[in-house]
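*Asks:* Take these sequences, add in the hints, and give me the full structure.
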Amino acid sequence: MTGTTQAARHDWNLTPAEAIQLQRELAGRVRMDRLLRPPETVAGLDVAFGPGRSHVYAVVAVYRLTPLELIDRSVAVLPVTFPYVPGLLSFREAPALLAALEQLAVRPDCLLVDGHGYAHPRRFGLACHLGVLLEMPSVGCAKSVLVGQYEEPTPERGEWTPLRDGDEVVGAAVRTRSGVRPVFVSVGHLVDLASAIQITLAASSGKYRIPEPLREADRLSRMLAREGDPRLAQRYSRVVRSRTSRRHGPAPDYRSDVTTTARGTSARRRPARRKSKR
DNA sequence: GCGACAG
DNA sequence: ATCTTGTCGC
1 MTGTTQAARH DWNLTPAEAI QLQRELAGRV RMDRLLRPPE TVAGLDVAFG PGRSHVYAVV
61 AVYRLTPLEL IDRSVAVLPV TFPYVPGLLS FREAPALLAA LEQLAVRPDC LLVDGHGYAH
121 PRRFGLACHL GVLLEMPSVG CAKSVLVGQY EEPTPERGEW TPLRDGDEVV GAAVRTRSGV
181 RPVFVSVGHL VDLASAIQIT LAASSGKYRI PEPLREADRL SRMLAREGDP RLAQRYSRVV
241 RSRTSRRHGP APDYRSDVTT TARGTSARRR PARRKSKR
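In my numbering, the protein residues as written are 1 to 278.
There may be inaccurate statements among the hints.
Stated by the list, open to error - Computed spacing ranges between beta-carbons, pair by pair:
1. Arg29 - Thr154: 31 to 37 Å
2. Asn13 - Tyr208: 24 to 30 Å
3. Glu159 - Ser54: 38 to 44 Å
4. Glu151 - Tyr208: 21 to 27 Å
5. Thr15 - Arg53: 17 to 23 Å
6. Leu70 - Lys143: 19 to 25 Å
7. Asp229 - Asp167: 47 to 53 Å
8. Gly166 - Leu232: 44 to 50 Å
9. Gly206 - Ser144: 19 to 25 Å
10. Pro153 - Leu35: 20 to 26 Å
11. Gly228 - Glu159: 36 to 42 Å
No wet-lab data here; the hints were simulated from the structure.
What you are looking at is a predicted structure, and each value in this text was computed from that prediction instead of being measured.
Note that CB positions come from ideal geometry on N, CA and C, so glycine has one too.
*Replies:* Below, the structure is given as structure tokens:
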């Protein structure tokens, strides 16, 4: 899949009302019925915001599952152009994450996203959005619930209970580490819930609540965001990538099909019209 | 009208 | 998410 999907591209310069309509349309493309052969590599995706919340620092951390180890990383920084609105996270974070994915040296078998997938008001959270645009398997892994209710799973790592929104099972509360709060897993795209849970557990060491790929993406994005220098952050990603790819040999090229650029310096025609609260 | 509300 | 000090526990 190297820039061959035409349908998987759209404008990000939308109003909240337009964004909601787009989600309703794209939600029809989510596929959670396909069986997934066990992935060998999983990419953790997360973002952090720089000083004044002016820029989004996106990081992708690719891990091999056995053994669980970091094999590649990439960074992208873009100006913030959309407010934080529960249910519309994609329009604030996805452009930067897609830009980071484009700079990756290796193509991961699956995406593990910091946020929900199907467990969303319109069944189209950030993980679904990325999976559908890239046409690749993705899993949503959030630290708190957006929609739905669940019963506490027993304390042992590996245990889980369904997350239900009305009669529908939209995800699962998964215990990635014994004795701590569960994480909330849901289908992103091209995986079923059982696989999504397995992938989340496989990416978790058991020493921390957050799966390793997401911990690393979170750690690096926050570190770079604190520096507050977009240009330096992007340069840093190149250094890291050449370093890791040198040790593991040449990696297959990665190309996404999205129109976003890695350097996003051009001003949007329709900038964020209000600041997020809280 | 009053909460709830991924990051 | 980000802003922040100390504190409880392995």
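*Asks:* Hint by hint, say whether it matches the structure.
*Replies:* For each hint, the structure was consulted:
1. Arg29 - Thr154: 31 to 37 Å: Taking Cβ atoms as reference, Arg29 and Thr154 lie about 36 Å apart, which means the hint holds.
2. Asn13 - Tyr208: 24 to 30 Å: Violated, at about 37 Å.
3. Glu159 - Ser54: 38 to 44 Å: holds, 41 Å
4. Glu151 - Tyr208: 21 to 27 Å: The hinted range 21 to 27 Å holds for Glu151 and Tyr208, with Cβ atoms some 24 Å apart.
5. Thr15 - Arg53: 17 to 23 Å: holds, 20 Å
6. Leu70 - Lys143: 19 to 25 Å: Check passed, 21 Å falls within 19 to 25 Å.
7. Asp229 - Asp167: 47 to 53 Å: Cβ of Asp229 to Cβ of Asp167: about 49 Å, so the range 47 to 53 Å holds.
8. Gly166 - Leu232: 44 to 50 Å: holds, 47 Å
9. Gly206 - Ser144: 19 to 25 Å: Cβ of Gly206 to Cβ of Ser144: about 21 Å, so the range 19 to 25 Å holds.
10. Pro153 - Leu35: 20 to 26 Å: Since the Cβ atoms of Pro153 and Leu35 sit about 24 Å apart, the hinted range of 20 to 26 Å holds.
11. Gly228 - Glu159: 36 to 42 Å: holds, 41 Å
Checked against the numbered hints above, the structure breaks only hint 2 and satisfies the rest.
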